[in-house]
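Peer 1: In case you want the letters, here they are:
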Amino acid sequence: MKRFTQLEFGENNENKGNGPQGEVIRDGVYFYREALRSWLMGDYELALRNYSRALEKNSTFYEAWVGQIMMLIELGEYPEALVWADKTLESFPEHPELLAAKAIACVRDSKMDKALAYSDNSLSKQNVTAYVWLARAEILMARKSRMAEDCISNAISQAGKNTPIIRLEAGRLLRRKGLYSSALKHLGISVKNFPKSAMAWYEYGCCQGKLGFKEAQTAFEQSLELRPGWNIAETASNKFMKRGFLRRLFKI
Amino acid sequence: MRCPQCEFENMPNRDRCFQCGSVLKEAQTPLDVNPPRMAYWKRPLRYMFRCLRQQRVISSSNRMAKKIPLPRWMRKISHDAVISVIFSVIPGLSHYLQKRFKEIRWYCLAWGVVLCTSLFLYGSNTGMGLFGLTIGLHAWIAVHGATPKGGITFKNRVTSLMIMLVCVFGLYRLIGRTVFYDLADGYTNMNIPYHNIKSGDYLLAQRSNARKDSLLRGSMVLTNLPTIGAGLYRSQNMQAFVEIVGLAGETVTVKNRRFIINGQEKNSEKYPVPNWFPKKEFTIVVPGNSYFINPDYKIRGDGMAINAVMVKNACVISANDIEARAFIRWMPLTRRGFLKEIE
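For the record, the sequence lines run as chains A and B. Following the working numbering from start to finish, the first sequence increments by one per residue and tops out at 252. Following the working numbering from start to finish, the second sequence increments by one per residue and tops out at 1343.
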């Protein structure tokens, strides 16, 4: 998957092009990086806007198109994600990642038949990427199939340079499906890869909280430190702190 | 950039079409890069539908369901049909969601009209008949929404309709019991003794010559009250609803503010003694083709002049003086019910 190849973090990794006095050139790549940064902070709306700005600068930026679809899915706007994926498919026909994105939108909208069809279609193409395998894993998990774990392993093995991101997505997927111990393994590595990602710390904290570890509170605090006032993290943190005796006893 | 030949949507800055290779002209309108967004009010609706679809997902993967010996035609019923029936709790909603409301709009209108009319006339035979028609229309709309055109045989459609009739009947009964929960013995088909009539209640009375001969104790009747004399009067007109206490041929004794009929003491709550009755005990024999009633009068002075004769003149009425018999308390709606003769 190419969309994360330009992902670099840190203060020294700004795109200091040929602008006067080393100013940042706000081209498509700049907004694309900003979108990724926003996504890692859990601000999907801002990420969507930055993807749109990236496309305004360069409408052939395939990764930005995919990013828009993914952000629509993150925001729960599944029919809109399908519409946008169809529009993108007009420009990038039969692209396996776009078909996988449609499969993800359908499975999260509880349209299993369509999701499976799109996933089968995406796997039948050439150049199947890690993201396609992640989509397949999500569909198989929804069908309670044990093959899902193999798909996740395939995704991570095919990720290449994008392994940290794929591992983070895998961890989020496993947490969403309630497989907290498996998710913890991936998310633990992810927070080391992305120490400044509020979203990664939040996901990590959620897993730890479900497993009853006290370290969850630390993870939530870290997330809130990186993104102060984040409602979701605050709610999760408060809920974790207010657990009753029985919940702590049975690690609910 | 849209190709004029094959109408394929090409990326901008392309000279030739990706699909057919024809030469492209510069597009006049820029490519829209802003995706469509969901309206905020749609979120809860979509969440509800998603939850319903999730239930279908779980049931479709349940292997045990396939082992239930259902009739062959029933196994063909799709999950969409089941969800359509659920949404048909509100007639027309399932069609609206399927964008088929035009097919059923007149049935929905008829259902609304018939329902309102049946509620207005509820209690009468016409009202009950219309209520049955309402149930039938509702069941028909539900079956229509669940079955596509030509997708089911006539026999199966009739069977489905029968099943839906039972379900809709149960639904209406449940709604009635839930809405009118404070009515004892049911929702509107309740028997109400006379002593439960309260100020402000509206009553429906039926005129029937045949009923005058078969009135029971406790019946509420509309009658013309006689003018008694200087001691008793009524500030309103002399036609009023009264309760029948004694029947023809019975001996009515008033003692200690209670009625005693043929030696049997009656409940003072069910058969209240009017306040204007004299405190001294007295006995009256009800002549044939007459009834003993308990009307309300106002007393002039201290009421010492009222005697048993005046009571007899006021309270014994001929059957021919009875105008009508009240059979239902109409308003307010929550206090609607049939009036019951106590004995």
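Worth flagging that the hints you see were computed from the coordinates, not collected in a lab. All C-beta atoms in this analysis are idealised placements derived from N, C-alpha and C, irrespective of residue type, glycine included. There's no promise every hint is true.
[As the list claims (entries may be wrong)] Some chain A residues well away from chain B (every beta-carbon gap over 10 Å; in silico):
| no. | residue |
| --- | --- |
| 1 | E23 |
| 2 | R37 |
| 3 | D43 |
| 4 | G76 |
| 5 | K111 |
| 6 | N121 |
| 7 | R146 |
| 8 | P228 |
| 9 | M241 |
[Unchecked claim] With a Cα cut of at most 30 Å, we get these calculated BS3-like pairs of lysine-lysine:
| no. | chain 1 | residue 1 | chain 2 | residue 2 |
| --- | --- | --- | --- | --- |
| 10 | B | K1042 | A | K177 |
| 11 | B | K1099 | A | K111 |
| 12 | B | K1255 | B | K1270 |
| 13 | B | K1042 | A | K114 |
| 14 | B | K1042 | A | K239 |
| 15 | B | K1155 | A | K87 |
| 16 | A | K242 | A | K214 |
| 17 | A | K192 | A | K214 |
| 18 | A | K111 | B | K1280 |
| 19 | B | K1099 | B | K1155 |
| 20 | A | K185 | A | K161 |
| 21 | A | K114 | B | K1099 |
| 22 | A | K242 | A | K196 |
| 23 | A | K57 | A | K111 |
| 24 | A | K196 | A | K144 |
| 25 | A | K125 | A | K161 |
| 26 | A | K242 | A | K192 |
| 27 | A | K214 | A | K161 |
| 28 | A | K192 | A | K239 |
| 29 | A | K210 | A | K125 |
| 30 | B | K1042 | A | K87 |
| 31 | A | K125 | A | K111 |
| 32 | B | K1102 | A | K114 |
| 33 | A | K192 | A | K114 |
| 34 | A | K177 | A | K144 |
| 35 | A | K210 | A | K185 |
| 36 | A | K111 | B | K1270 |
Peer 1: Give a verdict on every hint.
Peer 2: A quick look at each hint next to the structure:
Listed as outside the interface, A:E23 is consistent with that label: its C-beta sits roughly 24 Å from the nearest C-beta of chain B, beyond the 10 Å cut-off. Interface exclusion of A:R37 from chain B stands, the closest Cβ pair being 20 Å apart, more than 10 Å. The Cβ of A:D43 sits about 16 Å from the closest Cβ of chain B, beyond the 10 Å cut-off, so the non-interface label holds. At roughly 7 Å from the closest C-beta of chain B, the C-beta of A:G76 falls inside 10 Å, breaking its exclusion from the interface.
A beta-carbon of chain B is positioned within 10 Å of the beta-carbon of A:K111; the least distance is around 7 Å. No beta-carbon of chain B comes within 10 Å of the beta-carbon of A:N121; the shortest separation is about 19 Å. Distance check for A:R146 against chain B: the nearest CB is about 14 Å away, which clears 10 Å, and the non-interface claim stands. Annotated as non-interface, A:P228 keeps its C-beta farther than 10 Å from every C-beta of chain B; the closest such distance is 25 Å.
At roughly 28 Å, the least C-beta separation between A:M241 and chain B is larger than 10 Å, which holds for a residue marked as non-interface. A C-alpha spacing of about 25 Å is found between B:K1042 and A:K177, which places the hinted pair at or below 30 Å, so the restraint holds. A distance of roughly 19 Å separates the Cα atoms of B:K1099 and A:K111; the hinted pair therefore holds under the 30 Å criterion. Taking the CA atoms of B:K1255 and B:K1270, the gap is near 16 Å; set against the 30 Å cutoff, the hint holds.
A distance of roughly 22 Å separates the Cα atoms of B:K1042 and A:K114; the hinted pair therefore holds under the 30 Å criterion. In summary, the hint linking B:K1042 to A:K239 is supported, as the alpha carbons are separated by about 28 Å, within the 30 Å threshold. This hinted pair does not check out: B:K1155 and A:K87 have alpha carbons roughly 46 Å apart, beyond 30 Å. About 12 Å separates the Cα atoms of A:K242 and A:K214, which keeps this hinted pair within 30 Å; it holds.
A distance of roughly 19 Å separates the Cα atoms of A:K192 and A:K214; the hinted pair therefore holds under the 30 Å criterion. In summary, the hint linking A:K111 to B:K1280 is not supported, as the alpha carbons are separated by about 85 Å, beyond the 30 Å threshold. For the given pair, B:K1099 sits about 26 Å from B:K1155 by alpha-carbon distance, which is consistent with the 30 Å threshold. Restraint check: the Cα-Cα separation between A:K185 and A:K161 comes to about 19 Å, which is no more than 30 Å; the hinted pair holds.
Pair hint A:K114 plus B:K1099 holds up; C-alpha atoms about 21 Å apart against a cutoff of 30 Å. Proposed proximity of A:K242 and A:K196 is supported: the alpha carbons are some 27 Å apart, at most 30 Å. Our distance criterion of 30 Å between C-alpha atoms is broken by A:K57 and A:K111, whose separation comes to about 35 Å. A distance of roughly 34 Å separates the Cα atoms of A:K196 and A:K144; the hinted pair therefore is violated under the 30 Å criterion.
Proximity of A:K125 to A:K161 is assessed by CA-CA distance (about 22 Å); at most 30 Å being required, the pair is judged to hold. Of the supplied pair hints, the one linking A:K242 and A:K192 holds, its CA atoms being roughly 28 Å apart against a limit of 30 Å. Straight-line distance between C-alpha atoms of A:K214 and A:K161 comes to about 33 Å, which puts the hinted pair past the 30 Å bound. With a CA separation close to 25 Å, the supplied pair A:K192 and A:K239 stays within the 30 Å bound.
Among the hinted pairs, A:K210 with A:K125 is inconsistent with the structure: their alpha-carbon atoms are about 38 Å apart, more than 30 Å. Using a Cα cut-off of 30 Å, the hinted pair B:K1042 and A:K87 holds, with the two alpha carbons roughly 22 Å apart. Restraint check: the Cα-Cα separation between A:K125 and A:K111 comes to about 22 Å, which is no more than 30 Å; the hinted pair holds. Of the supplied pair hints, the one linking B:K1102 and A:K114 holds, its CA atoms being roughly 28 Å apart against a limit of 30 Å.
This hinted pair does not check out: A:K192 and A:K114 have alpha carbons roughly 36 Å apart, beyond 30 Å. Simply put, A:K177 and A:K144 have alpha-carbon atoms about 10 Å apart, close enough for the 30 Å limit, and the pair holds. Straight-line distance between C-alpha atoms of A:K210 and A:K185 comes to about 14 Å, which keeps the hinted pair within the 30 Å bound. Note on A:K111 and B:K1270: the hinted pairing is violated, with a Cα-Cα distance of about 64 Å set against a maximum of 30 Å.
In summary, the structure is inconsistent with hints 4, 5, 15, 18, 23, 24, 27, 29, 33 and 36 from the numbered list given earlier, while agreeing with the others.
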